[in-house]
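Colleague: Its first residue numbered 502, the sequence shown is counted upward by one per residue in this note's numbering.
In case anyone wonders, no lab produced these hints; they're calculated from the structure.
Just so you know, these numbers come straight off a predicted model, no measurement behind them.
Only true hints are included.
For lysine-lysine, the following DSSO-like pairs were computed, each having C-alpha atoms within a straight-line distance of at most 27 Å:
#1 520 / 571
#2 584 / 562
#3 571 / 612
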Amino acid sequence: SETAAKAARKYLDSQSVPKDSWEIINENFFEYKSMDCRFNLAYDYTFLCALDPEMRQSWAKRYSELLLPKGVLITVIFPICDKVGGPPFAISESLVSELLTPVGFTKTFSKSLGPGEAHPGRDGSGSSPHTTVCVWTKE
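Can you make the complete structure from the sequences, with help from the hints?
Modeller: Given below as structure tokens:
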């Protein structure tokens, strides 16, 4: 959203980060056309779980197109549970791996988040779904 983009710009400006070292882009993920602008890093925080399951392969393919070779994709995988329907749709680390591996990503890190590491109700305590963070590197 433009609200989030403005907040990110304001934060980076307040941190004295050189303006030529970052750019905030507010575009439709699937329609963004500037292929001369590919990225070193992408952060996916519960985006996949909001997408219709039929769009999952397009999600993986698009990250493969947008990231440079050796680029890093950080995924926050939630909700990991047995729920039916959505959004949010239940996903899993193995599902994300099945989507990203065929398009050239290798998982380099994985951590299941517990209490104090994930939002309350997302930490796997009791009967709540849990969250896992994975880091992937593009070939």
